[in-house]
Amino acid sequence: MTIATGQDIEAADVLALTDDSKVLSHSRVLTAASGDVAYTGYGFQPKTIIIFGTKGGSTASWGVADTNLAEMCIYSYSTDIYVANTGAIIYIDTTTGTVQSAVLKTFDADGFTLTWTKTGTPTGTDITFMVLAFGRA
Amino acid sequence: MKALRIYYDTKGYVTWTSSLDGPGEFPVSASDELATMPRGTKVIAIDDEAEIASFNTSTGNRVVDGKLVIGTPYEPAPVVPPRDLAAEVDDIKTRLSSLELTK
Chain A
1 MTIATGQDIE
11 AADVLALTDD
21 SKVLSHSRVL
31 TAASGDVAYT
41 GYGFQPKTII
51 IFGTKGGSTA
61 SWGVADTNLA
71 EMCIYSYSTD
81 IYVANTGAII
91 YIDTTTGTVQ
101 SAVLKTFDAD
111 GFTLTWTKTG
121 TPTGTDITFM
131 VLAFGRA
Chain B
1001 MKALRIYYDT
1011 KGYVTWTSSL
1021 DGPGEFPVSA
1031 SDELATMPRG
1041 TKVIAIDDEA
1051 EIASFNTSTG
1061 NRVVDGKLVI
1071 GTPYEPAPVV
1081 PPRDLAAEVD
1091 DIKTRLSSLE
1101 LTK
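Chains A and B supply the protein sequences, listed in that same order.
Quick note: the first sequence uses the numbering used here, first residue 1, plus one each step.
Quick note: the second sequence uses the numbering used here, first residue 1001, plus one each step.
In case anyone wonders, no lab produced these hints; they're calculated from the structure.
Positions of the beta carbon are idealized from the N, C-alpha and C atoms, including for glycine.
It cannot be assumed that every hint is accurate.
To be verified - BS3-like, lysine-lysine: derived pairs with alpha carbons at most 25 Å apart: (1) 1093/B <-> 118/A; (2) 1002/B <-> 47/A; (3) 118/A <-> 1002/B; (4) 1067/B <-> 1042/B; (5) 1067/B <-> 105/A; (6) 22/A <-> 47/A; (7) 105/A <-> 47/A; (8) 1067/B <-> 1011/B; (9) 1042/B <-> 105/A; (10) 1002/B <-> 105/A; (11) 1067/B <-> 1002/B; (12) 105/A <-> 22/A; (13) 118/A <-> 105/A; (14) 1002/B <-> 1042/B; (15) 1042/B <-> 1011/B; (16) 22/A <-> 1011/B; (17) 118/A <-> 1011/B.
What the hints assert, rightly or not - DEER-style ranges, computed between Cβ atoms: (18) 1013/B <-> 68/A: 32 to 38 Å; (19) 68/A <-> 1047/B: 32 to 38 Å; (20) 7/A <-> 1034/B: 41 to 47 Å; (21) 1042/B <-> 9/A: 28 to 34 Å; (22) 7/A <-> 1059/B: 42 to 48 Å; (23) 5/A <-> 1059/B: 54 to 60 Å; (24) 121/A <-> 1009/B: 18 to 24 Å.
Claimed, not checked - Examples of chain A residues toward chain B, derived with CB under 7 Å: (25) 39; (26) 110; (27) 123.
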């Protein structure tokens, strides 16, 4: 579908550009070294994604990214503490100075790639994160 | 499918990893990734899930003669016992009951 410059559009036209979505769950070993991870199985190339992640307890992260790979998240590392972060789509702060965080590197034909960075030596329960991806099949 | 590419320098130290979590193939070829890395970087690929798990939960991994040598496993995380809220409430009640109110 193509929308011409100046063309009137309706909500249905916008929905048609992102008319597919899929939810998948992934995990990340807390001790894993920094690197790229390609997540596949979505069946289309996402245009935007939303990621919710946690390692349990009061550690969690809620992130979003747009079609231009701009991203941000809000994360929690303790009860009633929430921090905004504009440099990552997921940020799991386990204890002071020990973090697994990721930025969105690319949207791929069947999913997306995250670049993970391990800071310090995080240990404990692995990260579980859910992804809601929007795109067009 | 899970697969892991391990990039290492001329001394066998792991410099970067690239992995696949899901069906199909890597979206980027190893040669394309190598082209972005320092001269002398090499890569090995493994797809044995047990070996990948060992790699991800160990420190000091090396590549020697083109073979992965797993390092030392990380110490397991300390197990934090669940809070006994009922006991904490009882403790607070006991402390409160022993307080003397003064005017």
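Now the hints, each set against the structure:
The hinted pair formed by residue 1093/B and residue 118/A fails the criterion: a straight-line CA distance of about 44 Å is larger than 25 Å. For the hint linking residue 1002/B to residue 47/A, the alpha-carbon distance of about 24 Å falls within 25 Å, and the restraint holds. Annotation: proposed proximity of residue 118/A to residue 1002/B holds, straight-line Cα distance about 20 Å (limit 25 Å). The hinted pair formed by residue 1067/B and residue 1042/B meets the criterion: a straight-line CA distance of about 12 Å does not exceed 25 Å.
Distance restraint check for residue 1067/B and residue 105/A: the Cα-Cα separation of roughly 29 Å exceeds the 25 Å cut-off, and the hinted pair is therefore not satisfied. Annotation: proposed proximity of residue 22/A to residue 47/A holds, straight-line Cα distance about 12 Å (limit 25 Å). Between residue 105/A and residue 47/A, the direct Cα distance comes to roughly 13 Å. Compliance with the 25 Å bound is thereby established for this hinted pair. Proposed proximity of residue 1067/B and residue 1011/B is supported: the alpha carbons are some 13 Å apart, at most 25 Å.
Straight-line distance between C-alpha atoms of residue 1042/B and residue 105/A comes to about 22 Å, which keeps the hinted pair within the 25 Å bound. Between residue 1002/B and residue 105/A the alpha-carbon distance is near 19 Å, which keeps this suggested pair within the 25 Å criterion. Using a Cα cut-off of 25 Å, the hinted pair residue 1067/B and residue 1002/B holds, with the two alpha carbons roughly 19 Å apart. For the given pair, residue 105/A sits about 19 Å from residue 22/A by alpha-carbon distance, which is consistent with the 25 Å threshold.
Under the criterion of a C-alpha separation no larger than 25 Å, the hint pairing residue 118/A with residue 105/A is consistent with the structure, at around 16 Å. At most 25 Å may separate the alpha-carbon atoms for a hinted pair to count; residue 1002/B and residue 1042/B meet this at roughly 20 Å. The hinted pair formed by residue 1042/B and residue 1011/B meets the criterion: a straight-line CA distance of about 10 Å does not exceed 25 Å. Restraint check: the Cα-Cα separation between residue 22/A and residue 1011/B comes to about 43 Å, which exceeds 25 Å; the hinted pair is violated.
For the proposed pair residue 118/A and residue 1011/B, the alpha carbon gap of about 22 Å is at most 25 Å, so the pair holds. Range check, residue 1013/B to residue 68/A: about 35 Å between beta-carbon atoms, so the 32 to 38 Å window is met. Roughly 33 Å separates the CB atoms of residue 68/A and residue 1047/B, a value that falls within the hinted 32 to 38 Å. Distance hint check for residue 7/A and residue 1034/B: the Cβ-Cβ separation is about 45 Å, which falls inside the suggested range of 41 to 47 Å.
A hinted range of 28 to 34 Å is violated for the C-beta pair residue 1042/B and residue 9/A, which are about 51 Å apart. In this structure the hint that residue 7/A and residue 1059/B lie 42 to 48 Å apart at CB is violated, the actual value being about 57 Å. The hinted window of 54 to 60 Å between residue 5/A and residue 1059/B holds, with their beta carbons roughly 55 Å apart. Between residue 121/A and residue 1009/B the Cβ separation comes to about 21 Å, which falls inside the hinted range of 18 to 24 Å.
Against a cut-off of 7 Å between C-beta atoms, the interface hint on residue 39/A holds, since the closest Cβ of chain B lies about 5 Å away. Proximity of residue 110/A to chain B holds as hinted, the smallest CB-CB distance being about 5 Å (cut-off 7 Å). A hinted interface residue such as residue 123/A counts as satisfied when its beta carbon comes closer than 7 Å to some beta carbon of chain B; here the least separation is about 4 Å, so the hint holds.
When held up to the earlier numbered hints, the structure conflicts with 1, 5, 16, 21, 22 and fits the remainder.
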